[in-house]
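Undergrad: Read top to bottom, the protein sequences are chains B and R.
Number 15 in my numbering belongs to position 8 of the first sequence; there are no gaps in the numbering.
Number 398 in my numbering belongs to position 391 of the second sequence; there are no gaps in the numbering.
Bear in mind the hints are in silico, worked out from the structure with no lab data behind them.
Note that CB positions come from ideal geometry on N, CA and C, so glycine has one too.
Treat the hints with care, since some could be wrong.
[Said to hold, decoys possible] Capping the alpha-carbon separation at 25 Å, the derived lysine-lysine pairs in BS3-like fashion look like this:
1. R:K10 <-> B:K333
2. B:K10 <-> R:K331
3. B:K10 <-> R:K261
[Said to hold, decoys possible] Across the chosen pairs, the derived CB separations fall in these ranges:
4. B:R201 <-> R:N465: 44 to 50 Å
5. R:P353 <-> B:G34: 54 to 60 Å
6. R:F433 <-> B:R139: 34 to 40 Å
Number of protein chains: 2
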Amino acid sequence: MFKEYDVIVVGAGHAGCEAAASAAKMGSSVLLVTMNMHTIAQMSCNPAMGGVAKGQIVREIDALGGQSGIISDKTMIQFRMLNRSKGPAMWSPRCQSDRMMFAQEWRDTMENIPNLDFWQEMIEGLIIKNNRVVGVRTGMGIEIKSKSVVLTNGTFLNGKIHIGEKNFGGGRTGEKAAHGITEQLVELGFESGRMKTGTPPRIDGRSLNWDFMEEQKGDDNPEKFSYTNTPKLTKQRSCYVTYTNEKVHEVLRKGFDKSPMFSGRIKGLGPRYCPSVEDKINRFADKDHHQIFVEPEGWNTVEMYINGFSTSLPEEIQYEALTKIKGFENVKMFRPGYAIEYDFFPPTQLKLTLETHLIENLYFAGQINGTTGYEEAACQGLMAGINAHNKVHEKDEFILKRNEAYIGVLIDDLVNKGTDEPYRMFTSRAEFRTLLRQDNADIRLTVKGYHLGLADENRLERVLYKKETSEKIVKEIKNRKISPDDANGYLEQIGSAMLREKSSFYSILKRPEIDIEHIKTLDNEMAEYLRNFDEEVIEQAVIHVKYESYIEKELLMAEKMSRLEDLNINPNFDYERLHSISIEARQKLKKIKPQTLGQASRISGVSPADISVIMIHLGR
Amino acid sequence: MFKEYDVIVVGAGHAGCEAAASAAKMGSSVLLVTMNMHTIAQMSCNPAMGGVAKGQIVREIDALGGQSGIISDKTMIQFRMLNRSKGPAMWSPRCQSDRMMFAQEWRDTMENIPNLDFWQEMIEGLIIKNNRVVGVRTGMGIEIKSKSVVLTNGTFLNGKIHIGEKNFGGGRTGEKAAHGITEQLVELGFESGRMKTGTPPRIDGRSLNWDFMEEQKGDDNPEKFSYTNTPKLTKQRSCYVTYTNEKVHEVLRKGFDKSPMFSGRIKGLGPRYCPSVEDKINRFADKDHHQIFVEPEGWNTVEMYINGFSTSLPEEIQYEALTKIKGFENVKMFRPGYAIEYDFFPPTQLKLTLETHLIENLYFAGQINGTTGYEEAACQGLMAGINAHNKVHEKDEFILKRNEAYIGVLIDDLVNKGTDEPYRMFTSRAEFRTLLRQDNADIRLTVKGYHLGLADENRLERVLYKKETSEKIVKEIKNRKISPDDANGYLEQIGSAMLREKSSFYSILKRPEIDIEHIKTLDNEMAEYLRNFDEEVIEQAVIHVKYESYIEKELLMAEKMSRLEDLNINPNFDYERLHSISIEARQKLKKIKPQTLGQASRISGVSPADISVIMIHLGR
Ligand SMILES: Cc1cc2nc3c(=O)[nH]c(=O)nc-3n(C[C@H](O)[C@H](O)[C@H](O)COP(=O)(O)OP(=O)(O)OC[C@H]3O[C@@H](n4cnc5c(N)ncnc54)[C@H](O)[C@@H]3O)c2cc1C
Ligand SMILES: Cc1cc2nc3c(=O)[nH]c(=O)nc-3n(C[C@H](O)[C@H](O)[C@H](O)COP(=O)(O)OP(=O)(O)OC[C@H]3O[C@@H](n4cnc5c(N)ncnc54)[C@H](O)[C@@H]3O)c2cc1C
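Same shape as in the complex, but just chain B (with noise of 0.2 Å):
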């Protein structure tokens, strides 16, 4: 019934449908099952791509030849570039979606790759032979044969859902757990563990009074996510804000004894940075508000999201809390917010392709790993399909470094730290975050996937036009000097401090009042110049100039970083042979089998002592 494939990716999130896309288009026979052909790229929570550290992950995907900027661009209601005024580093693009849209552009997408083959029905196991995947069990009792299997379930697995006392199975709200995976591969030895993570209730927005909110439109000029010609937004739809009070609160409070958080039902860690409502006025009493998004699900639909309400107290208590929150006095519901527990799998078990230690070929992307969110997932997804691919076809393990892409951030910390709770992604988390900004991902990243045969000759051709261009921008900003009489009266005019001397453009641009518009109104000629090149190029340039320094200091110690990361360390290495080194750092190594010695650096319990000793042991 079914021809062996090279990969089968089980389940089609975020993270199931990169790794199938990238696998298929890169020229691997692919089959995706998932559970309902229906909900292909259900947007399980907040209908909205990037955000701070999220969008940049986004772009990363984009610059590769992954989908899921192209479709955010093609689906999306509104647009902001987010921390516009901090520096560059800072800047993270988010839209809201259209759910539905997203979901059918997704399928859309997914049905025109032509090497990939689709299968509606649960997967309820796996097929090894000689610690080695080799096809997956349908619940049906299919067997189908694959070189390769990536596990994307998401938060299906043994997935249940909690709402104040009650709780039942289920994978997201109306949809089935997942059984079968999780018991199979404890039985093969994997360690697993419980998370969970929360939804707020959905509301009629017709039962709402906007005038007493904020409104919240999206950017004037909205950018987006792909490099590639999508489209940018005409119109948009608006958000709205509002807090929450002390009537809220203590509303809220009253359901405290029923929560299955606070009683304990619930084991599973939530993600901290992504608390639910009664998590926040918990941890934060003194607190006697908090902030709340109104964000609409679609192009028309009257269906709201209610971004910082995620809950899952009593459903009476979620409506009562609701009606005091000013312009809710009247809501109406449709569905109550909950919280899920899910199995994960400790990331500690990968290797950087996101390969499984124990069992050759079979890999684990998105939330299976720990993480949350739809960016996370979708980037992993990527990098799965993409490694499950090269190794199926005996090519390189493609690996991201930190200092090449969030994507590597996030793989590493993963892979070497491994995570207690739901892993999120922060501009923090990253060392040489103003290297990774959303303005260059396709000039970090777009020749690589090029080479893996994902982004297309366009691309390519785009981006080297990009890169050349906006260097020699820089070059001419420079090379061009202007007078003091020149330049005096208007410097004067906008205060900014007068030249004594004939001074480059150069020297003015990177003072912090001063942007290319200035640059421009100062001098004809620079004006004239740059009237040759689009935004997108100047402001690249202007990024160069203005942040330099802080790009070479970045430069310079993720040189020195590389060092070690260039050291490789044999993956049969035995440690056991070194006795100075500590028995924890001792056990992880064995468990991590890290790559290099960098890797190796930052597996949590290993100290630049213990690293020492392993670079002497490798002979260096």
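We have chain B; now place chain R with the ligands onto it with these hints.
TA: Only chain R with the ligands this time, still in chain B's reference frame:
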């Protein structure tokens, strides 16, 4: 958390959506509760609306002010008027739908109805007080009050899915079954039964060889369902026709010993007129091929529905059999076909308003009443919604007679005859099918819809214009005459008998070989006159000219019948007194409590002699 609603509708299938929409539009406060708001108006089986007799129902729903016609028009990818070559009683509109768009359009429509609220959850019980329903109880235990409840659970009540020897609980593939309601109703004294239906596998259109199939295009000049000004299709997608063959049958027969139907594992009766492919080759063993339609599931998707290949044989048998069909040699399946068994409630327990006899203000509509098909479900939903609203607002019952609408035939059949197998509409079920045409549903029903408060002013004006104008045209055609000299040249040319004397266009148009285009060619003045009217109106006039005698005969018959129909029977009429009628008739009459002598006459088991006895007792 909830106010008391006028009407709660349980289930958002075709029946539930029409019910909720109609009651809300008429002014009731309505809550629609459904298990998953992402599956509102999901087409469970084939992506198509209408067809023989079913298309007439959609037109009737539309004429009354329901939604199904409008939504079908907005989301169709192909339209055909079936049986165009037969008389107008047989003309039946049918469309292929974009499955996703259809559901999305329904959802948008519902969200824009002011009095309509939503709640996503499974309903597990009803709240009953003094044999009257006063609300529902959800899976989480929330009690929601209402003055009436419409149950439209479709195939979900204790739904059980079968594929070969495997079976599992589910209301549709990938969706949960609903429990609790049947059990409670049975406890309350309801009789419940078990039925089954089936669906074919879904396949990947990219794996088919279209060259070996016949293309079936949409109509050249596609019409539509709604009498309102919904847009007409400007492009269409084709379906394809192919056939099973002996090899296919051979493979299928290999699976018979594992068939859940033949082995007796499925207890419920299936739809005789929509049989599974294994049923077909079993019952018609002499036929060496059966027709198969390959129907696209939407504008862009590669997913194909294989109409005519419904099956619950083991999935590998399904697959192997498919590969033996011409053009299917390399077929890839997305998921296998399956059969589903579910609870229904014999509809003899209902009044003609679809209210149950046992529990006041409780209505049943759709598949729960033993019917099959979206159209059958939708029209029941509409009628139940109307009647629930009217009852709550102390307005008259709304019942359609057998000579007024297929909807009337359907409900009358269900209530009086009951059904052992899934009931599907056919033109043969209607005694007055020349009256119940697809072209005049508006003339038959829109005035009623207007008085109900469902069809708007605009619709009323349109229909009054159509009626008056078409009558005027008939009169004109009767009045205007043409001389042999003017006519015979052309008549001879087109092979129609020549005139002997000056004759009316009426007499000429009545000839089978003559259509209105001929009349226009025959006479410039007629052509000029007709140019003032649009096609729909002219067609109406032509039908009246050509089929006048049939129409009048049926009108006469209907009048005769309606004499019995007008004789009301007191619901408390004591049938026990009637010793001279059969025991069976007495029991049935006591149970069904016919509202008129006409209805009594149609109860299966009640003889004409019995009717005479009752008539005497009624004092006639
Ligand atoms: C209630 C809830 C609240 C959340 N809240 C947040 C939040 O506040 N912030 C945040 O960043 N993230 C949140 N998330 C997480 C976010 O939804 C996930 O991180 C993201 O969807 C994970 O993507 P994934 O591809 O790993 O898995 P998912 O999107 O969960 O997709 C898993 C897919 O696998 C399929 N599947 C599972 N098991 C099987 C099987 N055995 N056989 C076949 N198919 C299978 C499923 O049908 C599904 O298609 C929340 C998730 C949920 C459910
Ligand atoms: C596998 C299959 C094959 C079919 N094949 C054919 C065919 O070949 N030809 C044909 O004409 N028809 C066929 N049908 C029938 C057709 O789908 C139905 O007639 C039609 O959908 C019935 O509409 P409905 O509104 O009564 O119920 P459904 O469309 O089944 O909708 C029921 C709704 O109620 C909800 N629901 C159920 N129980 C609860 C509860 N307790 N609480 C809350 N919500 C609830 C469900 O989520 C769903 O939204 C098939 C159906 C199935 C499932």
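Undergrad: State for each hint whether it applies.
TA: Hint check results:
no.	hint	verdict
1	R:K10 <-> B:K333	holds, 21 Å
2	B:K10 <-> R:K331	holds, 17 Å
3	B:K10 <-> R:K261	holds, 22 Å
4	B:R201 <-> R:N465: 44 to 50 Å	violated, 59 Å
5	R:P353 <-> B:G34: 54 to 60 Å	holds, 58 Å
6	R:F433 <-> B:R139: 34 to 40 Å	violated, 58 Å
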